[in-house]
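Read top to bottom, the protein sequences are chains A and B. According to the working numbering, the first sequence is numbered sequentially starting from 1. According to the working numbering, the second sequence is numbered sequentially starting from 1.
Hints were generated in silico from the structure; no laboratory data involved. If you're wondering where the values come from, they're calculated on a predicted model, not measured in any experiment. Treat each hint with caution, since some may be false.
[What the hints assert, rightly or not] Below, a list of computed lysine-lysine pairs in the BS3-like style, where the Cα atoms sit at most 25 Å apart:
id, chain 1, residue 1, chain 2, residue 2
1, B, K22, A, K172
2, B, K176, A, K30
3, A, K137, A, K191
4, B, K30, A, K172
5, A, K30, B, K22
[Said to hold, decoys possible] With the C-beta cut set under 10 Å, the calculated list includes, among others, these residues of chain A facing chain B:
id, residue
6, H27
7, H31
8, A65
9, R68
10, N69
11, S124
12, G125
13, P142
14, E166
15, Q174
Idealized CB from N, CA, C, for every residue including glycine.
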Amino acid sequence: MSFQLPKLNYDYNALEPYIDATTMEIHYTKHHGGYTNNLNAAIEGTSLSELPIEEILKDISKHSAAVRNNGGGFYNHNLFWEIMGPNGGGMPSGELLKAIEKTFGSFQEFKDKFSNAAATRFGSGWAWLIMQNGSLKVFSTPNQDNPLMDVAEQKGFPILGLDVWEHAYYLKYQNRRPEYINNFWNVINWKAVEEKYMIGLK
Amino acid sequence: MTHTLPNLPYSAEDLSPAISAKTIEFHHGKHHQAYVNNLNNLIVGTKFENADLETIIKEADGGIFNNGAQVWNHTFYFFAFSPKPQKAPTGKLLDLINAQFGSFEQFKEKFTSAAASLFGSGWAWLVVNKEGKLEITQESNAGNPIRKGLRPLLTCDVWEHAYYLDYQNRRPDYLKGFWDIIDWKVIEERLK
Chain A
1 MSFQLPKLNY DYNALEPYID ATTMEIHYTK HHGGYTNNLN AAIEGTSLSE
51 LPIEEILKDI SKHSAAVRNN GGGFYNHNLF WEIMGPNGGG MPSGELLKAI
101 EKTFGSFQEF KDKFSNAAAT RFGSGWAWLI MQNGSLKVFS TPNQDNPLMD
151 VAEQKGFPIL GLDVWEHAYY LKYQNRRPEY INNFWNVINW KAVEEKYMIG
201 LK
Chain B
1 MTHTLPNLPY SAEDLSPAIS AKTIEFHHGK HHQAYVNNLN NLIVGTKFEN
51 ADLETIIKEA DGGIFNNGAQ VWNHTFYFFA FSPKPQKAPT GKLLDLINAQ
101 FGSFEQFKEK FTSAAASLFG SGWAWLVVNK EGKLEITQES NAGNPIRKGL
151 RPLLTCDVWE HAYYLDYQNR RPDYLKGFWD IIDWKVIEER LK
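The whole structure should be built from the sequences, with the hints applied where relevant.
Below you can see the structure in the form of structure tokens.
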């Protein structure tokens, strides 16, 4: 079995003007495609090639740097494309909104906290909203690490992730990472995040 | 002391096609400048308020280390370039390279490989170790070999901001161009 680059549910230009078509195309085909190919090459002929990605990530400290970096890159980008979409933005609703308000005080306070985690991640990495023992938590990881990995500072089930590698925004925003983060809120598909939250509750 | 952004010894367009004017303008004018500004803000009221960059690199942590080391790293990086470079090392530096790596060509391959394989943001380095021998090392993010007691001679920035406007995901193409603009006269001076 080998991992497949998942189909995007929208066109490269669907997140314009917040994420430009050129960035989407390179990010998806070259970066995500690269992680997928490199992951497959790293696990080919090993027992890992029989496992789902989540199982590989959970014991990542036992595997090579190539599996950690590319396995993380594969999973993280899968999630990233899923939680964005055209006509995105606005606010979550239902159970997820209740949980956000309970944990962070308000949706705005959550946004500030998540944006700050994304802005202050030095170097390459990701900001996350995760479920940890049933409650919500915001933090960030370096490079392609993620909260499913046993090496992560905080472990849990990710329901929202923001890529703050420079390749995610440099063509459009250059050094202005805060502007990219601010615009990310306009492309979040909250329905997809809510579905992940419900899965995490089970 | 107040840290300042050094002026480059060449114009932004001078390194093209290896590095475009646009990349130099952002890299030096925005990123390097931001590290200088952040550092100046962060050191106020700390024991590093009057420290030089090497002291900060050796002793500081967190934001002061990150910004201080990035100021030093970028200055070291930009000042190794020239539009009219001496294309290869000579004399003592060449002898050391040959002794350690076999040939200048083999050294370039090894350094290129270190720069290409560094995952995420960081720097590849050519350093002199405590025994006076050359070594190639990798540092993540703002890392700088001075902190480990090594003496840097050459560095390559592989943060994506160093090459993304010109090369996007093609870091190996950026590394090819890198060798065309290194002025080995500068590196020889650093060895003295």
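request  = Compare the structure with the hints numbered earlier in the document and write down the numbers of the violated ones, lowest to highest.
outcome  = none
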